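As given, the protein sequences belong to chains A and B, one line each in that order.
Residue numbers are given in numbering that gives the first Met the number 0: position 143 of the first sequence equals residue 142, and the series is strictly consecutive.
Residue numbers are given in numbering that gives the first Met the number 0: position 123 of the second sequence equals residue 122, and the series is strictly consecutive.
FYI, nobody ran anything at the bench for these hints, they're computed from the structure.
This one's a predicted model, so the numbers in the text were calculated from it and none came from an experiment.
Wrong hints could be hidden among the right ones.
Identical copies carry no separate label here, and so any pair may be met within one copy or between two of them.
[To be verified] Only pairs whose alpha carbons sit at most 25 Å apart, straight line, appear in this in silico SDA-like list of lysine to any residue: (1) K213 <-> M137; (2) K225 <-> N78; (3) K105 <-> D66; (4) K225 <-> E155.
Number of protein chains: 2
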Amino acid sequence: MSSFSSHFLPTQFLVSKPHLSQFPPTSPALYRRFPRLVMSAQSTTATPFDIKQYMIEKAAMVNQALDSAIPAKAFPQSNLLHEAMHYSLMAGGKRIRPILCLAACKLAGGLEPWALPVALATEMIHTMSLMHDDLPFMDNDDLRRGKLTCHKAFDEPTALLAGDALLSLAFKTASNLSSYPVDVSPDRIARIVGELARCSGTEGVAEGQLVDIKSTGLSEPVPLDKLEYIHLHKTSALLEAAVVTGAIIGGGSDEQIDRLRGYARSIGLLFQVVDDILDLTKSSEELGKTAGKDLASDKTTYPKLIGLDKSREFAEELLGQAKEQLNGFDSESAAPLVYLANYIAYRQI
Amino acid sequence: MSSFSSHFLPTQFLVSKPHLSQFPPTSPALYRRFPRLVMSAQSTTATPFDIKQYMIEKAAMVNQALDSAIPAKAFPQSNLLHEAMHYSLMAGGKRIRPILCLAACKLAGGLEPWALPVALATEMIHTMSLMHDDLPFMDNDDLRRGKLTCHKAFDEPTALLAGDALLSLAFKTASNLSSYPVDVSPDRIARIVGELARCSGTEGVAEGQLVDIKSTGLSEPVPLDKLEYIHLHKTSALLEAAVVTGAIIGGGSDEQIDRLRGYARSIGLLFQVVDDILDLTKSSEELGKTAGKDLASDKTTYPKLIGLDKSREFAEELLGQAKEQLNGFDSESAAPLVYLANYIAYRQI
Chain A
0 MSSFSSHFLP TQFLVSKPHL SQFPPTSPAL YRRFPRLVMS AQSTTATPFD
50 IKQYMIEKAA MVNQALDSAI PAKAFPQSNL LHEAMHYSLM AGGKRIRPIL
100 CLAACKLAGG LEPWALPVAL ATEMIHTMSL MHDDLPFMDN DDLRRGKLTC
150 HKAFDEPTAL LAGDALLSLA FKTASNLSSY PVDVSPDRIA RIVGELARCS
200 GTEGVAEGQL VDIKSTGLSE PVPLDKLEYI HLHKTSALLE AAVVTGAIIG
250 GGSDEQIDRL RGYARSIGLL FQVVDDILDL TKSSEELGKT AGKDLASDKT
300 TYPKLIGLDK SREFAEELLG QAKEQLNGFD SESAAPLVYL ANYIAYRQI
Chain B
0 MSSFSSHFLP TQFLVSKPHL SQFPPTSPAL YRRFPRLVMS AQSTTATPFD
50 IKQYMIEKAA MVNQALDSAI PAKAFPQSNL LHEAMHYSLM AGGKRIRPIL
100 CLAACKLAGG LEPWALPVAL ATEMIHTMSL MHDDLPFMDN DDLRRGKLTC
150 HKAFDEPTAL LAGDALLSLA FKTASNLSSY PVDVSPDRIA RIVGELARCS
200 GTEGVAEGQL VDIKSTGLSE PVPLDKLEYI HLHKTSALLE AAVVTGAIIG
250 GGSDEQIDRL RGYARSIGLL FQVVDDILDL TKSSEELGKT AGKDLASDKT
300 TYPKLIGLDK SREFAEELLG QAKEQLNGFD SESAAPLVYL ANYIAYRQI
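With the rest of the complex left out, here is chain A (with noise of 0.2 Å):
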């Protein structure tokens, strides 16, 4: 049992599997780690908020929209970039990008399905950054959840391309005025676009990917400011973009936008801490991906520059800090973004 677990959660919490069956957890004694939590599952619903049944609906819908927004047979003469890209975007992901972004357009005043097309924007760009990333001459990565990466199923050609083709169908998807309800006026799209642009590039994931990439193998440790930076641009970023897209369709004011991206930062870097403790404490197998590749990599890892402990002791320091942004909102209508800051520090993939 790691320690990590342990401080925040009962043993049988930490067992089963499915990784989401305990969310919420059943007993009220297994509360006393989310207080605020408690209060907006239990003090405002009749029964508690159900994440993981939340989170079942949500992919399915994000799922469906994303098999339909690339259609088999588009073209005449080649299908081959659009089944590498459906390959790829359809290879299992957990949706989280899409589902923050529906919860907090719901939450800015919205309707879920308003926040649609943005949502699957955002998980176009998430997997575009890993069929990148996991190019032979980047992270050289043969498996992601638990398939082939899509050099390996098709080709580096085919891989790079249809990446391209991904990063400006999300472009494509998020500006599509007639995707939208007539109350999501113009300039608010043009705005999401500029999130979206943001976060992919130079202030985001490609210059994340890029930093990671040199800062990997290096004589020295790279300092703690700089792994920061790294997360705050490679994974950050997306999310951060998600919540605030999400939020922006769904009529948010500035304030609620600020908050919401407070959020978002820190369960960003959340992510990533945990990811970097998964890879260090779990089977190639439970990840569906090659484990204990950082180590083998002399990547630094916030595991490596601050041991195990620390990490986990940073996680829930995150964990306090994105759920202090929500409070001021509606707790009712707060509880799936509490929920899934809960999902990202817990999960076991």
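Assemble the complex: chain A is given as a structure, and chain B must be docked to it using the hints.
Showing chain B alone in chain A's frame:
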């Protein structure tokens, strides 16, 4: 002297450098193949339209704005991504796409500077496509515009991610509402983002590049319709987006935009046919990139498929079709686009 050139133009038209120096022809006799061009350039202006000066001025405006779009010291941790983006973006392209975009904006009723953000975006997308196309597992090019390609000057991860970041920056630049005059409504911004996304992904550059790669080195030659499919996606789509987005920003009517779309498709294909011809007839020194590469790589080109003479006839036909679409516009306003079509047809690099 090539038959293409002599078929189109008097001998003295072809030997001088720089390649823009003969626009416009200085003797009335030289206009015999450009009846509409003569009308537009001579009947409505005191002096013939000076395409050379026009392109120098517009390229300078574009270059200055591109240079400003990628600040040198933006990030505390790493400037590598910016350096690589800046290196490739400022490596001396002719800026045909942004110039077309500015010209179309003016023709549609706007002022040229209105379209500058989206004009820059077209050049960023173009540069990104070259950076990815030059990678070793793609076209494997060491030289581009007389300089080392990005992955040779930096390395492969940097070229990949700088390309990704340029694509994102294109969308960030084009979607920035505050960079347009108030006359440009947000719904037009959403439309241009859609056009840029369309031209760069499955309906444009990425699809064209993939089908091109998969059609190279086969035992059977690529049929003509497939070759056209490749070029319409790989080259025409982005030229089309440049012209169409310019026209949208300028406030063009749907009919005007349709005509300009037709113009752009023709010059896009023309651009590629001429590129194929130049690869066969020019030296590496003249082109600033590896010449004869298409022949060496078993790449199907127009000259290989239909011969050099018929390729030149096809180019003439496309030039005529492009100019046909400009009828109905005010001839003086249309002059830049007429001359730009000529420039694409008669360029020597």
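Hints versus structure:
no., hint, in the structure
1, K213 <-> M137, "both (10 Å within a copy, 23 Å between copies)"
2, K225 <-> N78, "between (42 Å within a copy, 14 Å between copies)"
3, K105 <-> D66, "within (23 Å within a copy, 41 Å between copies)"
4, K225 <-> E155, "between (30 Å within a copy, 22 Å between copies)"
When held up to the earlier numbered hints, the structure conflicts with none and fits them all.
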